[in-house]
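There are 2 protein chains.
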Amino acid sequence: MADERGEDLTQMIVDNDLTGIRLWLAEHPPYEIADELERMDARYMIVPFRLLDKDRELEVFEELDPVHQQEILLGLRDSAFHELLEEMDPDDRARLIGEAPAKIATRALAGLSQAERRMTAALLGYPEESVGRYMTPETVVLHRDLTVGRALEVVRAKGADAETVYILPVVDDGRRLAGIVQLSDLVVSDDDSLVKDIVDVFVPRVRATEPAEGAARLMQEANLVALPVVDSEERFVGLLTFDDALELIEAADSEDIARQSAASPVAGHYVSVTVPRLARARVVWLLLLIVASTLTVTVLTHFEATLEQVTALALFIPMLTGTGGNVGSQSATAIVRALAVGEVRVRDLPGVAWKECRVGLMLGCVLALIALTVGLLVVPGGVAVAVAISIIAICTWAAVIGSTMPLLARRIGVDPAVVSAPLVTTLVDATGLLIYFSVARMVLGI
Amino acid sequence: MADERGEDLTQMIVDNDLTGIRLWLAEHPPYEIADELERMDARYMIVPFRLLDKDRELEVFEELDPVHQQEILLGLRDSAFHELLEEMDPDDRARLIGEAPAKIATRALAGLSQAERRMTAALLGYPEESVGRYMTPETVVLHRDLTVGRALEVVRAKGADAETVYILPVVDDGRRLAGIVQLSDLVVSDDDSLVKDIVDVFVPRVRATEPAEGAARLMQEANLVALPVVDSEERFVGLLTFDDALELIEAADSEDIARQSAASPVAGHYVSVTVPRLARARVVWLLLLIVASTLTVTVLTHFEATLEQVTALALFIPMLTGTGGNVGSQSATAIVRALAVGEVRVRDLPGVAWKECRVGLMLGCVLALIALTVGLLVVPGGVAVAVAISIIAICTWAAVIGSTMPLLARRIGVDPAVVSAPLVTTLVDATGLLIYFSVARMVLGI
Numbered sequence: 001m002a003d004e005r006g007e008d009l010t011q012m013i014v015d016n017d018l019t020g021i022r023l024w025l026a027e028h029p030p031y032e033i034a035d036e037l038e039r040m041d042a043r044y045m046i047v048p049f050r051l052l053d054k055d056r057e058l059e060v061f062e063e064l065d066p067v068h069q070q071e072i073l074l075g076l077r078d079s080a081f082h083e084l085l086e087e088m089d090p091d092d093r094a095r096l097i098g099e100a101p102a103k104i105a106t107r108a109l110a111g112l113s114q115a116e117r118r119m120t121a122a123l124l125g126y127p128e129e130s131v132g133r134y135m136t137p138e139t140v141v142l143h144r145d146l147t148v149g150r151a152l153e154v155v156r157a158k159g160a161d162a163e164t165v166y167i168l169p170v171v172d173d174g175r176r177l178a179g180i181v182q183l184s185d186l187v188v189s190d191d192d193s194l195v196k197d198i199v200d201v202f203v204p205r206v207r208a209t210e211p212a213e214g215a216a217r218l219m220q221e222a223n224l225v226a227l228p229v230v231d232s233e234e235r236f237v238g239l240l241t242f243d244d245a246l247e248l249i250e251a252a253d254s255e256d257i258a259r260q261s262a263a264s265p266v267a268g269h270y271v272s273v274t275v276p277r278l279a280r281a282r283v284v285w286l287l288l289l290i291v292a293s294t295l296t297v298t299v300l301t302h303f304e305a306t307l308e309q310v311t312a313l314a315l316f317i318p319m320l321t322g323t324g325g326n327v328g329s330q331s332a333t334a335i336v337r338a339l340a341v342g343e344v345r346v347r348d349l350p351g352v353a354w355k356e357c358r359v360g361l362m363l364g365c366v367l368a369l370i371a372l373t374v375g376l377l378v379v380p381g382g383v384a385v386a387v388a389i390s391i392i393a394i395c396t397w398a399a400v401i402g403s404t405m406p407l408l409a410r411r412i413g414v415d416p417a418v419v420s421a422p423l424v425t426t427l428v429d430a431t432g433l434l435i436y437f438s439v440a441r442m443v444l445g446i
Numbered sequence: 001m002a003d004e005r006g007e008d009l010t011q012m013i014v015d016n017d018l019t020g021i022r023l024w025l026a027e028h029p030p031y032e033i034a035d036e037l038e039r040m041d042a043r044y045m046i047v048p049f050r051l052l053d054k055d056r057e058l059e060v061f062e063e064l065d066p067v068h069q070q071e072i073l074l075g076l077r078d079s080a081f082h083e084l085l086e087e088m089d090p091d092d093r094a095r096l097i098g099e100a101p102a103k104i105a106t107r108a109l110a111g112l113s114q115a116e117r118r119m120t121a122a123l124l125g126y127p128e129e130s131v132g133r134y135m136t137p138e139t140v141v142l143h144r145d146l147t148v149g150r151a152l153e154v155v156r157a158k159g160a161d162a163e164t165v166y167i168l169p170v171v172d173d174g175r176r177l178a179g180i181v182q183l184s185d186l187v188v189s190d191d192d193s194l195v196k197d198i199v200d201v202f203v204p205r206v207r208a209t210e211p212a213e214g215a216a217r218l219m220q221e222a223n224l225v226a227l228p229v230v231d232s233e234e235r236f237v238g239l240l241t242f243d244d245a246l247e248l249i250e251a252a253d254s255e256d257i258a259r260q261s262a263a264s265p266v267a268g269h270y271v272s273v274t275v276p277r278l279a280r281a282r283v284v285w286l287l288l289l290i291v292a293s294t295l296t297v298t299v300l301t302h303f304e305a306t307l308e309q310v311t312a313l314a315l316f317i318p319m320l321t322g323t324g325g326n327v328g329s330q331s332a333t334a335i336v337r338a339l340a341v342g343e344v345r346v347r348d349l350p351g352v353a354w355k356e357c358r359v360g361l362m363l364g365c366v367l368a369l370i371a372l373t374v375g376l377l378v379v380p381g382g383v384a385v386a387v388a389i390s391i392i393a394i395c396t397w398a399a400v401i402g403s404t405m406p407l408l409a410r411r412i413g414v415d416p417a418v419v420s421a422p423l424v425t426t427l428v429d430a431t432g433l434l435i436y437f438s439v440a441r442m443v444l445g446i
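If you read the protein sequences in the order shown, they are chains W and A. Taking the working numbering as reference, the numbering of the first sequence is continuous, increasing by one, and the terminal residue is 446. Taking the working numbering as reference, the numbering of the second sequence is continuous, increasing by one, and the terminal residue is 446.
Simulated from the structure, these hints should not be mistaken for laboratory data. Incorrect hints may have been included.
Put simply, identical chains are the same to the list, so a pair is met inside one copy or across any two.
When the alpha-carbon atoms are kept at most 27 Å apart in a straight line, the in silico DSSO-like pairs for lysine-lysine are as follows [unchecked claim]: (1) K196 with K54; (2) K54 with K103; (3) K103 with K196; (4) K54 with K158; (5) K158 with K196; (6) K158 with K103.
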């Protein structure tokens, strides 16, 4: 249903059917409109966007990712451009400006009111991908000596300008964070009781300079709608809200998934990303991997005489490298994920390696049976036995390599997700061949 | 720091140092305690758990995953067992009972008060993985004719028992969902205004029988702290809250990531999962894949004469199958993710295939240059040319196969994540060899 309407929208733009577009826009919520715009050819996007009501315009705009936001901005006249930016949430605006080309960024900053410009500049002062870039400074701060009744009055007076009032940071005289109260706690408490008596001082807090992904996962663990953010002197500076946390987790998972297949993550919507950008995101690792795979050529050249003597050995090369790669990928993927969600730490390395070693051995024994059966059907018995023994050794080895590499990467400060399945596969290919031909020479006595 | 303390905790249990354990527990928030318990040997878990205060006991318990919850329950006496279950959130309890062995489930249901048992039975009536299993029925429901002042009184009176009061469902006389009001809207509105004048009727809603993952992603898109859930007659039945949504998204991503490496997702914490369970989660696909990879043996047997004539062709088999597999994995991974986050739909198939075809061709041309260079260094020119041409063809083919298979899977109602990178790799291996030897025979004229 939604699909068909989406088709219609582009068609209506081509037909210049303004009434139809207005009707379509009125019938859809902002996030669906944003999704449809992102799927569209860039030159069409601006038409329905201009037809939106002023207040929905902002909602739709904030749902777009920065790449598409830039395209929209380029299509707007100065007044509309500045109005839109002025009204954006400061954290969304900072991320947009931080990622935009200098031309758009300068034009954007120049048009802002002084208050908004100061707020944006402060957020842009934090490192990319840090909590500071994602937090909102627009919150309702309570002093710990307030009564609950007075605190509720403050929320009523200032709440409309804040991004969230569900988590209310509580500060002492030096604006140092004492803890938080939840709005629900205020509502169910007695008006005369004091904020300092209901403040949750054990709430986790993060520094604005810490990585945003970790903060988002902490929010999930601690079940918080918003996480207070402090500076190096424990002073409150902002809140990381759940919607940004959800977005951070989804983006981090997308990145990990892309890396698992040895591709860089691509910003923007798959449907509207160009072919050269997709190819660029993938080519670097492929080049590294094909260069690494020349190792397999070297190993095989080394055993070329053996191959000429027993050509049948070549028949099992893809099966052996494939199986080793699969087992190694499984181990690597499991450990990368366990690291990402915090189940495994670097100090677990010996335990993980030993566990995966046993898993690999078990898997190898099962798979060797299949390989032996297939082998006995098509090649001489000696080759079949060599294949079966090699499978056991390769699976064990692949599981150990696949599981320890991500941990070693984390140890030396590299993103473990960089240890992708293809990287493990390529390394296991070369070492697997070495194992295979060594075993074969022993078994066949050549 | 936390790491070292974790080590200490197990040590303190072994030493029976109860004071030390109590101190450690007092110093850590529930989610960190739960994490530490999940990493521990099952027979130790119960010791620190029993030393927790009554109210923190519940908080820690709810942070554990169902596998560990069951282990704790087995270690508790009847009174403690029933008290804990009685106090759990109904949705958490329903999931625990739904996954537990019959023995625990019966004991659990038998001990519940009638009200809680009825609530749990209702949730268990919904299909597994549906919204109904994850929503909370404990909410504060407002009638649309209330005034804001009266609504706030209702929140104050009933709020303490509800899981969330940030999103308040608004219903009409037949308990049909009219929309929601946010608690913040109530707080900033005039006491005399009416709920029906501030209700958000455009809020998205889901049926209790719909898949939970989709509902969680909808919450993220719509930036909602909680999503109202209705039955088939549009009557309000519960709220899906943001913490469950975060958990659902993380679990769904973990599952997709595991499947991408051809493993089934493993419930529970990596550190405490046993070797046989890990092996079981991985072996099924490995068996299928090794059987599929006998296709490569068949293809090579078919070309055995060619191989005997030109052994040099064997040297490039791993490089070619590896590169084809890598390109195919990238495409498959990109499309599986794009499907998961809703960027691509089945009807996009022709566009996706054409786009990936061009990406594969571009990548193939670049990689062929490297292969040609390496080839000219170690083998006769004819073989090197055959390798280079094959790389271009294989990369293009792999990208098309890798991208269309997940879409076809979705089309026939299979989880696209089942089209894992290893599956694509194995299929591309066999077809890639066919391409390689056909090209070689043509180029070498044999």
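Hints versus structure:
For a Cα distance limit of 27 Å, the shortest separation of K196 from K54 across copies, 24 Å, qualifies, whereas the shortest one inside one copy, 41 Å, does not. In this assembly of identical chains, the alpha carbons of K54 and K103 lie at most 27 Å apart only when taken from the same copy (25 Å versus 60 Å across copies). For a Cα distance limit of 27 Å, the shortest separation of K103 from K196 qualifies neither inside one copy, at 48 Å, nor across copies, at 47 Å. For a Cα distance limit of 27 Å, the shortest separation of K54 from K158 inside one copy, 23 Å, qualifies, whereas the shortest one across copies, 38 Å, does not.
Both within a single protomer and between protomers do K158 and K196 lie at most 27 Å apart by alpha-carbon distance, with minima of 20 Å and 23 Å respectively. Taking CA atoms no more than 27 Å apart as the test, K158 paired with K103 passes in neither setting, with 35 Å inside one copy and 54 Å between copies.
Of the numbered hints listed earlier, those contradicted by the structure are 3 and 6.
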